[in-house]
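Protein chains in written order, with my numbering: chain A, 1 to 228; chain B, 1 to 302.
Rather than coming from a laboratory, the hints here were simulated on the basis of the structure. Certain hints may be false.
Stated by the list, open to error - Which residues of chain B face chain A? A few of them, derived with a C-beta cut under 10 Å, are:
id	residue
1	Lys10
2	Arg12
3	Arg16
4	Lys23
5	Asn24
6	Arg27
7	Glu207
8	Glu209
9	Ile210
10	Met211
11	Val214
12	Gly215
13	Ala216
14	Asn218
Just so it is clear, CB atoms sit at the ideal spot from N, CA and C, and this is done for glycine as well.
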Amino acid sequence: MIEMQGVTKKYPNGVTALSGVDVTIKQGEFVYIVGPSGAGKSTFIKLIYREEKPSEGNVIVGGISIVGLRQRSIPTLRRQVGVVFQDFKLLPLLNVYENVAFALEVIEVEPAVIYKQVMEVLDLVGLKHKARMLPTELSGGEQQRIAIARSIVNNPKVVIADEPTGNLDPDTSWDIMRLFETINERGTTIVMATHNKEIVNTIRRRVIAIENGRIARDEQRGDYGYEA
Amino acid sequence: MNSGVITAMKPRTFRRHFRESFKNLRRNGWMTFAAVSAVTVTLLLTGVFLVIMLNLNKVATDIENDVEVRVHIKLLAEEKDKEQLRMQIESLPEVESVDYSSKEEELQNMIKDMGSDFSLFEQSNPLYDVFIVKTVRPQDTPNAARKIEQFEYTETAVYGEEKVENLFSFMKTARNIGVVLVAGLLFTAMFLISNTIKITIFARRKEIEIMKLVGATNGFIRWPFLLEGLWIGLLGSLIPIGAISVGYYYAEQALSARLSAHFIEFIGYLPLVLPVTGLLLIIAIFIGIWGSFISVRRFLNV
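If we strip away everything but chain B, and leave its shape as in the complex, we get:
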């Protein structure tokens, strides 16, 4: 007689659950296929979208970080006046760094960027000496520029005014939309997958009923289902992870070659693919197990 306490799971039982979960995947072939497909499609969407979002964000941040205030120094300013201006600029709380660039250096840069036609100006250099000012937060650039304009030895302080402000507000909106979309996509994925798993388990409620009739504990019934959910999640993540790993390799190569001329740089292969695929894997595992858990629980507590 097998009465008395129900003891903790034996390793043999765990191996049995393991085996059983694989057998169940095979026995319920079509249901497995449906659930795996649901995971695949949603994770693929989520993954591709994440890749695009992260890269847009990277490009936006790069552009933002390139924003600088160019402070033209009055031509009359002496060495000590320049020093005073530098101190004034540096004392502003928004300012991160101040670099000096003489008008000769400015001209050389211009010749380098624009071509040797500009070497004509070497005779009589029309440019200003400048301070190149970077702010701690890119959004503070307009503010800092306005303050710097007030200083005695500032001729002008330029930062690409409207363009920059438009860019900032555009980026802010784009980021917010992106976050909402990713969240929505993940939520849909969870919902779709747990529903699919619920249907596969609903089809097997008779099985659960019979397990209970012959005296299976709830834990014993639940384990193979949880493992099954885990396998479904993992199987479903294979194609999205593979597609993103291979796809991004080629996309990055093709696009960065074409876009590097415009100073746009994408996130490198490994720094992008590792976290994204890692995240997809975690989502897949979590969704698989969680979906099974929720669904089995409904049929256990009758």
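Chain A with its partners taken away, still in its complex shape:
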């Protein structure tokens, strides 16, 4: 599903975020990306949805090399990759329903279908009853669930999450993790960068540790491996 071949990323300011990374992530996997701050986790994530381009090497998503992707083809890639962020990135002036429906509107889905699919995912994340509320009227955990609903509403093959529980309290974090597990059980690949030791050590999945821009460790059912 996702393949990185000899990927190196140097930023214009001279920082080398990743060097010589080789990774294969299969369809349906659940992968944690862990490592110290500044080790290259975020860069790793950004390469997958083509927010960044590698300086060297190749990134393949869904069988297509996205390195040489033309500007106008990027939207097509983004529609196959759902993204979730630490700061939710919801549109504050749109209500919950509109925020989620947005991801379908941009790909010109019929209104009747949009309604059905949005209501389905809102039901899945447990916020169907708050569809008409604005994001600012919801708690952090609820906002993150909206963001997750938006990321999966068009049934992408992969959901990428960058510190999705970073802004949430422990209880809420567990709720969010259960949601990701549910999504993963439906066959969606999940790649999650996280600092949350407890979660990684409890919900045991594949762990890829990045240190100084290199893959230091890649274990099935691994543990966090760092002191929190």
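Position chain B relative to chain A; hints supplied.
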């Protein structure tokens, strides 16, 4: 899976953009207000200034066109001499028309203009027969007059000499200043409005970023903004167009009543208001769309 080519816009999508642009105007209420106000103020200034400029120009042209050379014909000239003089005048390249007016006609005109006191002169008419000469271009009047003076049967050729020459140079300067001012005003308007729109869009760059994240094409993102710019332009043109339509109606009536005694005539209501408001409308639409286009483009190409 929604992969593959991104197809041309469906009518439904266009309706969505349409709806979305209106919603955005409402959601960004204050920004909309700021942008609309900028359009309103600048267009109002531009419009009022245009109205004044066009009318000054009209009055100036009228005055210029009234300039004529009065050729006094020597008293001794016979019918055939007059005919010869007329031919000489007509052969000048600057001359457009030559009209004859006998001294009796001249006197009647004078009596009409100045009052019946002048009817005393009916006994012994002191006036000349005249040719009234109009030049093709008003500026050529002095030249033509000078040449006509040389002709055998010309007594004098008068055209209000210095007054006319001063008027011409004044009008030329006034027109040039007017053109520069209108151009400057329009440029300022464009700059101010596109900047205001840029600020409103800058406030929404996060929105654009999120649209891109969920896979919106650049065209899809751009459309509602362009329509929004169009509405802002149109809304902003309402007050200036209304003010000029109503204002000129009353101004023209009030001023032309007072000034018609001085032979000054303003441009009629419709001949002025239609082109001016039309121009304002076009400027508003153009500025609105162009301002949005420039601003969105900056945030799309990241």
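Hints violated by the structure (listed by number, smallest first): Going through the list in order, the structure violates no hint and respects every one.
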